[in-house]
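All chains should be built: construct the whole structure from the sequences, respecting the hints.
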Amino acid sequence: VKIQGQNKEMLAAACQMFLGKTEAEIAHIALETLEGHQRAIMAHMTVEEIYKDRQKFSEQVFKVASSDLVNMGISVVSYTLKDIHDDQDYLHSLGKARTAQVQKDARIGEAEAKR
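Plus 910 on top of the position in the sequence shown (first one is 1) and you've got the numbering used here.
To be clear, the hints were calculated from the coordinates, so they are not data collected in a lab. Accuracy of the hints is not assured; some may be wrong.
[Unchecked claim] Each computed BS3-like pair below joins lysine-lysine, with the alpha-carbon atoms no more than 25 Å apart: (1) K912 / K973; (2) K1014 / K962; (3) K992 / K1006; (4) K973 / K962; (5) K1014 / K1024; (6) K931 / K912; (7) K973 / K992; (8) K962 / K992; (9) K931 / K918; (10) K918 / K973; (11) K962 / K1006; (12) K966 / K992; (13) K966 / K912; (14) K992 / K912.
Below, the structure written as structure tokens:
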């Protein structure tokens, strides 16, 4: 994210919003805003959708958060989802289930081919 100095309206909004705040405080506000939008979008997608279509998730967060941050005088330069993980190993378990199904299908296919 960055504060737009070329756009007078955005600069004025940023001055009103962040006057007297440190760079770290501004970054924290921007981060909390992005995280809030992430959570809101996660509420409307399944874990599988987020995991399989990171690009769609990232685009939605970027779109929604950008308009909110513009009102604060900040523009989003880029937004990237680095990693998806969970503490209960749900995503890992999904992968195991899919791998087991593929292996089962392969064994069935081999058995049928040998007949």
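Here is what the structure says about each hint:
1. K912 / K973: Holds, because 16 Å separates the two Cα atoms, which is no more than 25 Å.
2. K1014 / K962: holds, 22 Å
3. K992 / K1006: Satisfied, since the Cα-Cα distance of roughly 22 Å is no more than 25 Å.
4. K973 / K962: Cα-Cα ~19 Å, so holds.
5. K1014 / K1024: holds, 16 Å
6. K931 / K912: holds, 15 Å
7. K973 / K992: holds, 17 Å
8. K962 / K992: OK: K962 and K992 at ~14 Å, within 25 Å.
9. K931 / K918: It holds: about 19 Å lies between the C-alpha atoms, which stays within 25 Å.
10. K918 / K973: With Cα atoms ~22 Å apart, K918 and K973 stay inside 25 Å; holds.
11. K962 / K1006: holds, 15 Å
12. K966 / K992: It holds: about 14 Å lies between the C-alpha atoms, which stays within 25 Å.
13. K966 / K912: Holds - the C-alpha atoms of K912 and K966 are around 23 Å apart, at most 25 Å.
14. K992 / K912: Measuring from Cα to Cα gives roughly 20 Å; hence the hint holds.
When each numbered hint is compared with the structure, no violation occurs for any of them.
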